[in-house]
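Student: For reference, the chains in residue letters:
There are 2 protein chains.
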Amino acid sequence: MNLTIRQFSSSAEGFYADLETLLAWDSVSDAGIQKSVADIVEQVRLRGDEAVIEFTNRFDRRDVTSSSELEISREELALAKKRVSPELVASLEAAAKRVHQYHERQKQPSWQYQEENGTVLGQKVTSLDRVGVYVPGGKAAYPSSVLMNVMPAKVAGVSEIIMVVPTPDGFVNDVVLAAAFIAGVDRVFTIGGAQAVAALAYGTQTVPKVDKIVGPGNIYVATAKKMVFGIVGIDMIAGPSEILVVCDGKTDPDWIAMDLFSQAEHDEDAQSILISPDLAFLDSVKESMERLVETQSRQAIIKASLEGRGAFIHVKDMDEAMDIANLVAAEHLELSMDEPEKWVEKIRHAGAIFMGRHTPEALGDYCAGPNHVLPTSGTARFSSPLGVYDFQKRSSLIYCSDVGASELAKIASPIARAESLEAHAMSAEYRMLKGD
Amino acid sequence: MNLTIRQFSSSAEGFYADLETLLAWDSVSDAGIQKSVADIVEQVRLRGDEAVIEFTNRFDRRDVTSSSELEISREELALAKKRVSPELVASLEAAAKRVHQYHERQKQPSWQYQEENGTVLGQKVTSLDRVGVYVPGGKAAYPSSVLMNVMPAKVAGVSEIIMVVPTPDGFVNDVVLAAAFIAGVDRVFTIGGAQAVAALAYGTQTVPKVDKIVGPGNIYVATAKKMVFGIVGIDMIAGPSEILVVCDGKTDPDWIAMDLFSQAEHDEDAQSILISPDLAFLDSVKESMERLVETQSRQAIIKASLEGRGAFIHVKDMDEAMDIANLVAAEHLELSMDEPEKWVEKIRHAGAIFMGRHTPEALGDYCAGPNHVLPTSGTARFSSPLGVYDFQKRSSLIYCSDVGASELAKIASPIARAESLEAHAMSAEYRMLKGD
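Chains A and B, in that order, give the protein sequences.
In this text, residue positions in the first sequence follow the working numbering: the first is 36, and each later residue adds one.
In this text, residue positions in the second sequence follow the working numbering: the first is 36, and each later residue adds one.
Think of the hints as simulated: they come from the structure by calculation, not from any bench.
Relax, there's no trap hidden among the hints.
No farther apart than 16 angstroms at their CA atoms in a straight line, the calculated lysine to aspartate or glutamate pairs in the EDC-like style are these: (1) A:Lys-159 x B:Glu-376; (2) B:Lys-321 x B:Asp-287; (3) A:Lys-244 x B:Glu-55; (4) A:Lys-261 x A:Asp-74; (5) B:Lys-261 x A:Asp-270; (6) A:Lys-351 x A:Asp-313; (7) A:Lys-381 x A:Asp-354; (8) A:Lys-285 x A:Glu-374; (9) A:Lys-381 x B:Asp-164; (10) B:Lys-159 x A:Glu-376; (11) B:Lys-117 x B:Glu-128; (12) B:Lys-244 x A:Glu-55; (13) B:Lys-70 x A:Asp-65; (14) B:Lys-469 x B:Asp-437; (15) B:Lys-132 x A:Glu-150.
Extracted from the complex, chain A is given alone in its bound form (with noise of 0.2 angstroms):
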């Protein structure tokens, strides 16, 4: 099959233009989503369960009367782990006990010290109290997705996890809810959309208020998570996914064309970029993908995404490549060439970086270890993966001994009063002892 992908040349005239239009993406949603979601939310808070159920059934098509129907017991879950076969049921215990013990370096434990004077200066760690998971659902859902979502979570010691999963039409997906059983989820609820987040970030009747909503959903879930943002905590908004694929033209052309193919499979949206060195590598990898789209399921998704989104770079050296690969600052990068780790010290951004030609993205997806949920859209310049850090906050510690407090005084009372703060000048000097 056919495929017509752009290809760029880092020493043609106005390229560093073209890659900016390449990556641009504007996922703001319009003032008509904006009003509908305002609406919803709005609704929620005040109307509790009532309103949750009214949408449910609006938006799910299905027939709840009461609230009591919208919650799935772990009982429940763990009948539908039995309904799935056993070797999916090994690899997602597999892929949990992977992902677990990854996040566990990333825990952050309280530290302390004292000075001369006596004074303790600190910051203690604690975990959230309760979190809600968003779980997109209908047929293609995504079990791992409740994996990296709630994983960091119990890592970090969150003491309740609630998920919320709609069920369009009624329809349950036994694998998720297998998975929601082996991460350890505490409830479930079969709500989604706007209303599902509006219900976590406010309560109702029958749904806990939670302290911060993470987890992916549509434009309508986007909208809402940003909507009560400061009420509660919210993960990133995720854009559509993309991969960077960098190599030296030494990987198995069939390899790299099946790399770029996982992550343009996902949706028209996701992009895929290669970028090498070597011309001829870019043609053979062509020429693999017009062979290798023709074996795809997901074919049409795939050459949509490829033509609308993808590209081939052609660089004049590695340097430059790794320069294009920070501007970028994918969500995936895969290195896949001689000496990654020689390579990778000069990548400053990205979300998860897939070293060397035996790590494709989708171990990362699925098993490796650290978390797929990643920053999209060159917002790896700023974020990071969801982590356990997501569910840990910190609290200063302040514990001034006589002297310290004194010592300290001496400092604050002069800024105090140059911003014109009278009490906090005093309520310091009231601690300073005679003398000093």
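We have chain A; now place chain B onto it with these hints.
Tutor: Then chain B, alone, in the frame of chain A:
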């Protein structure tokens, strides 16, 4: 001066509902503000400097004709510092040093580990490249805020720190500029409001685009920050400042009165709450307050704040006080009591915890070391003080050995197929070793 401060008893019927009402704060900006801000942001995004100059002239009553007039050089900052009294400069420098020392402990290192089959997993930690710090302008400007917002970014290793500070009617605050010099700000622009936030988020011909914007501002600034969240990172949206003092009744009532004033003097919306199991002590503090408020230059603000949002809460014992403190999740929590190191164990939610009778909040506001940018309005349930971690981000590292990749592919493939993501499965399977 008579002060009418609400007093609650935890044993009264309806106490927890009353507490919720007391704490309620709605910081949502109205539709009018949303629309003005959206317009300003869009104009700056489209027209850059031209729009920034227009809005600056209009809102700050200035007469700027060229964008070069908007920048204050490092030399001018040094000159401003010379105009500040040596005592105040010494205080600012001592405060900066202590804040730097404390924040050094927050730096997070990169880490990695190798599994038996040779696969390496890790987390690479890097600093943000460029950060914008918003500093409110005018006569009520806060040099301590400059230190607290800039120092964690410096410690994190951010290479370029851009400060924006409006200069309404051309008024420039020397102490703020001196603090910027001491903290090591790289560039300063005299712009403010939503137009400054937009300039930092999108970049203009003169103002460089940053990766994250931090710092407090009015409702226009907060609304603009929330609007550009996702394009750049932002810190939390702060509500009015609050303090919760828990006292066993054995601290000098004048000290506690002044600690409560130090919060109340910020503005009418600030909240000061005192909890004690000692009813007579609450009366003594009230007497101290009525006497001391007369001495305060900001007595009108203090009175309005205490009468509008302040409260005394009588509890049955310290255990109950700690439970209430966790419900409040205060920005500032003062444990003015014997053995605070024992009681702090029970605290799960607070921005900063001030322990013992010699640790008033004011010392933490200026120079103890920890940050004074703290989660307000109960958001300490899910967020943390501003810290070095806000200016670092993480990239996951995955480097599979051939054996490791082959083992992981066996786990990944069934899950990928269950998710109908065939290219993911094949991309993993390509890395299976023969015979595996």
